[in-house]
Amino acid sequence: MTAKGDFKKIRRRAEDQGWRVEKRKEYWLFFPPDKQQRPCSMAGSPSSSRSLVNFLARMKQKGYKA
522 MTAKGDFKKI RRRAEDQGWR VEKRKEYWLF FPPDKQQRPC SMAGSPSSSR
572 SLVNFLARMK QKGYKA
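Position one of the sequence shown corresponds to residue 522 (this note's numbering), numbered consecutively onward.
By construction, these hints were calculated from the structure, which means they are not laboratory data. Don't take every hint at face value.
Unchecked claim - Listed below are the simulated DSS-like cross-link pairs for lysine-lysine, each with C-alpha atoms no more than 27 Å apart in a straight line: (1) K544 <-> K581; (2) K529 <-> K544; (3) K546 <-> K556; (4) K581 <-> K546; (5) K583 <-> K544; (6) K583 <-> K525; (7) K529 <-> K581; (8) K530 <-> K546; (9) K529 <-> K546; (10) K581 <-> K530; (11) K546 <-> K525; (12) K544 <-> K556; (13) K556 <-> K581; (14) K556 <-> K530; (15) K525 <-> K581; (16) K544 <-> K525; (17) K546 <-> K583.
Keep in mind it's a predicted model, so treat the numbers as computed, not measured.
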């Protein structure tokens with residue numbers, strides 16, 4: 522699986538869990554269901570698997586369940 526394919530799966534799962542996802546000009550914003558927390562951001566095109574791992578770790582800190 523590519524980093525791009527993994528990102529799509531994460532995005533779909535986040536939306537199923539109540540996260541609001543917005544595409545901005547050069548990046549994505551993931552707003553957690555808990556309105557008190559700040560959103561997570563991800564580059565428009567995940568360039569490496571390491572950036573995807575770091576993004577997933579930030580999401581899990583805010584309540585994302587893989």
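Hints versus structure:
1. A distance of roughly 20 Å separates the Cα atoms of K544 and K581; the hinted pair therefore holds under the 27 Å criterion.
2. Taken as a hint, the K529 and K544 pair is honoured in the structure, with Cα atoms around 13 Å apart against an allowance of 27 Å.
3. Proposed proximity of K546 and K556 is supported: the alpha carbons are some 23 Å apart, at most 27 Å.
4. The straight-line distance between the Cα atoms of K581 and K546 is roughly 25 Å, inside the 27 Å bound, and the hint therefore holds.
5. For the given pair, K583 sits about 19 Å from K544 by alpha-carbon distance, which is consistent with the 27 Å threshold.
6. Of the pairs offered as hints, the one joining K583 and K525 holds, with about 22 Å between alpha carbons and a cut-off of 27 Å not exceeded.
7. At roughly 16 Å between alpha-carbon atoms, K529 and K581 fall within 27 Å of each other, so this suggested pair holds.
8. The hinted pair formed by K530 and K546 meets the criterion: a straight-line CA distance of about 21 Å does not exceed 27 Å.
9. A distance of roughly 18 Å separates the Cα atoms of K529 and K546; the hinted pair therefore holds under the 27 Å criterion.
10. Distance restraint check for K581 and K530: the Cα-Cα separation of roughly 15 Å lies within the 27 Å cut-off, and the hinted pair is therefore satisfied.
11. With a CA separation close to 17 Å, the supplied pair K546 and K525 stays within the 27 Å bound.
12. Restraint check for K544 and K556: satisfied, since their Cα atoms lie roughly 19 Å apart, inside the 27 Å limit.
13. For the hint pairing K556 with K581, the CA-to-CA distance comes to about 16 Å; that is within 27 Å, so the pair holds.
14. Note on K556 and K530: the hinted pairing holds, with a Cα-Cα distance of about 23 Å set against a maximum of 27 Å.
15. For the hint linking K525 to K581, the alpha-carbon distance of about 19 Å falls within 27 Å, and the restraint holds.
16. Our distance criterion of 27 Å between C-alpha atoms is met by K544 and K525, whose separation comes to about 15 Å.
17. Using a Cα cut-off of 27 Å, the hinted pair K546 and K583 holds, with the two alpha carbons roughly 24 Å apart.
Comparing the model with each earlier hint shows no violations; every hint is respected.
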